[in-house]
Amino acid sequence: MLGKRKLSKDEFAEKWEKAREKFYRLAFCYVKNEEDAREILAEATFQAYLAKDKLREPELFDTWMSRIIINEAYHFLKKSKKTLPFNDELTEQEAADAFKEAEDGIDVYHLLEIVNDEEKTLLILKYFEEKSFREISQIVSLPENTVKTKIYRVLRRMGMEYEGR
Amino acid sequence: MIKGKEQYDTIKIPDSLSEILSDACKRAEHRNRIKRIKSFGMAAAACFVLIVLSNNQAVYASLSEVPLLGSLVQVLHFGTGGERSDGLTLHPKSAEETLRIWFDNNETQTNSVPSYQINFLEAPDRIDVTIGGIRNFEAEEFIAEAELLSSVKAAYRVIHLDDSGIRFVLELEHDIDYQVYEYKDPGCLELSFYNRSSGESRELYFLRSPAMAMGEELALLCEQYQDYDCSIVRTKESQFIAVIGTFHSQEDASSMLKELQQENDNPAPFQIDSCLNDENPD
Chain W
59 MLGKRKLSKD EFAEKWEKAR EKFYRLAFCY VKNEEDAREI LAEATFQAYL AKDKLREPEL
119 FDTWMSRIII NEAYHFLKKS KKTLPFNDEL TEQEAADAFK EAEDGIDVYH LLEIVNDEEK
179 TLLILKYFEE KSFREISQIV SLPENTVKTK IYRVLRRMGM EYEGR
Chain A
4 MIKGKEQYDT IKIPDSLSEI LSDACKRAEH RNRIKRIKSF GMAAAACFVL IVLSNNQAVY
64 ASLSEVPLLG SLVQVLHFGT GGERSDGLTL HPKSAEETLR IWFDNNETQT NSVPSYQINF
124 LEAPDRIDVT IGGIRNFEAE EFIAEAELLS SVKAAYRVIH LDDSGIRFVL ELEHDIDYQV
184 YEYKDPGCLE LSFYNRSSGE SRELYFLRSP AMAMGEELAL LCEQYQDYDC SIVRTKESQF
244 IAVIGTFHSQ EDASSMLKEL QQENDNPAPF QIDSCLNDEN PD
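Residue numbers (my numbering), protein chains in the order written: chain W, 59 to 223; chain A, 4 to 285.
Only chain W is shown next, with the shape it has when bound in the complex:
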């Protein structure tokens, strides 16, 4: 790949600092506590720094880093067994709570606690990070239509009308 520029240490730091709050919020949404969010971000940053020479398009740093954070968050949740996704269906009580909230508009921040990890990622990227479907598909490595379908499905499960862009 001639002509591709490697990311220097300073460039890595500059890009990281520029987006650090966004990265922290992304990690936080999976665990909802500072200590675990810091651990996820620290491990993701370590992994990203080790692999920085492999990033062929430095302008995609945010997308690339987000993907690493998401993978680290999945790994953290699985290792700490903070979620056991044997069944991604809502319990009756959870569904009742979610529908109750839907009367005044669905609270996606609360919803994150009761959806599976993949749905969590899609909701964070779509509604909090305000990424386009195309950007989300690049981050999660899924086709754009699959991303749309999965978001639609989780919202429909909550009894909501889809508010697509």
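Treat each hint with caution, since some may be false.
Straight-line C-alpha distance at most 27 Å; calculated DSSO-like pairs for lysine-lysine [said to hold, decoys possible]:
no., chain 1, residue 1, chain 2, residue 2
1, A, Lys29, W, Lys76
2, A, Lys15, A, Lys29
3, A, Lys15, W, Lys80
4, W, Lys189, A, Lys6
5, W, Lys67, A, Lys187
6, A, Lys8, W, Lys189
7, A, Lys261, W, Lys136
8, W, Lys64, A, Lys187
9, W, Lys73, W, Lys189
10, W, Lys137, A, Lys261
11, A, Lys29, W, Lys137
12, W, Lys73, A, Lys187
13, W, Lys90, W, Lys137
14, A, Lys187, W, Lys206
15, W, Lys189, A, Lys15
16, A, Lys8, W, Lys73
17, W, Lys208, W, Lys189
18, W, Lys112, A, Lys96
19, W, Lys208, A, Lys8
20, A, Lys15, W, Lys76
21, W, Lys80, A, Lys6
22, W, Lys64, A, Lys29
23, W, Lys136, A, Lys156
Just so you know, the hints here were simulated from the structure itself, not pulled from any lab data.
Guided by the hints, dock chain A onto chain W, whose structure is given.
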């Protein structure tokens, strides 16, 4: 109407966030330094070998075939990736705590990685890898290559009922973590291992089958309970068992067993067992 963005935007950002960056960079630089020192030693040894064998055409030919890494497609711990393909041959190569897997089709290197699935499991810590589209696989060569890595305690092939794919398990040494990199042009799957901070051992509960030799019976059992994420693991006596789940308490394991018995007409051949997270079951 969608709500919650406000809460997201007001998540309290810790003051010391920059420390995360500096600590991670220092840790990574340290690791790179160690790798460079190791590489230097290996390079010196390689130079010696090259000087001695420089007139050997066969050696030159084999070295010239060592492929370069292509573009990074994704980095993951577990999940899926790759593209559907068939009739491929798999070539493993390990070096510096990294296992690289290349693929060819009729001796032409593939541009992408065939479809694969990677799971991380505990008791013991292990990576369960399934790769589709592989018709030629030298299991012994693969196991020998993987076990050259000091991070890999053991490697073994798991019988996979779909003969167009292969499944194998890499058991990790204590306090070893890993990262998977998928490349294209050419297609390569890279498993990179590294030390992570030491965690306390803890007891985990799981559902297990009776121990048996690796074979079709075990593969059938695993497939029958695949909806429960059934996997296969080696016992301390080098037999194999099918396992479902890992739980922090016996109560959680009991609930799972009850659910399993209720949802299946035939009695499930599983019972509750436990062991430390970093050891093999009995």
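Problem - Given pair status - Lys96 (chain A), Lys112 (chain W), alpha carbons within 27 Å - result: 19 Å, holds
Handout entry: Given pair status - Lys8 (chain A), Lys208 (chain W), alpha carbons within 27 Å
Key = Judged against 27 Å, a Cα distance of about 20 Å means the pair holds.
Practice task
Could you grab the alpha-carbon distance between Lys189 (chain W) and Lys6 (chain A) and see if it respects the 27 Å cut-off?
Solution key: The hint holds at about 16 Å.
Practice task
Please work out if Lys80 (chain W) and Lys6 (chain A) have their alpha carbons no farther apart than 27 Å.
Solution key: Roughly 18 Å separates the two Cα atoms, so the pair holds.
Handout entry: Lys29 (chain A) paired with Lys76 (chain W) [C-alpha distance capped at 27 Å]
Key = 19 Å, holds
Problem - 27 Å limit on alpha-carbon distance, applied to hinted pair Lys136 (chain W) and Lys156 (chain A) - result: 21 Å, holds
Practice task
Below or equal to 27 Å on CA atoms is what counts here, so check Lys137 (chain W) against Lys261 (chain A).
Solution key: The given pair, whose Cα atoms are some 24 Å apart, holds under the 27 Å limit.
Exercise for the section: Compare the distance between the alpha carbons of Lys64 (chain W) and Lys29 (chain A) with 27 Å, and conclude whether the hinted pair is satisfied. Expected result: Roughly 19 Å between the alpha carbons, so the hint for Lys64 (chain W) and Lys29 (chain A) holds.
Exercise for the section: Would you check the hint for Lys261 (chain A) and Lys136 (chain W), treating anything up to 27 Å between C-alpha atoms as holding? Expected result: Holds - the C-alpha atoms of Lys136 (chain W) and Lys261 (chain A) are around 23 Å apart, at most 27 Å.
Practice task
Starting from Lys64 (chain W), check that the Cα of Lys187 (chain A) is at most 27 Å away, please.
Solution key: 18 Å, holds
Handout entry: Proposed proximity, Lys29 (chain A) with Lys15 (chain A) (alpha carbon, max 27 Å)
Key = 26 Å, holds
Exercise for the section: For the pair we were handed, Lys189 (chain W) and Lys15 (chain A), check the Cα-Cα distance against 27 Å. Expected result: 22 Å, holds
No hint from the list above goes unmet by this structure.
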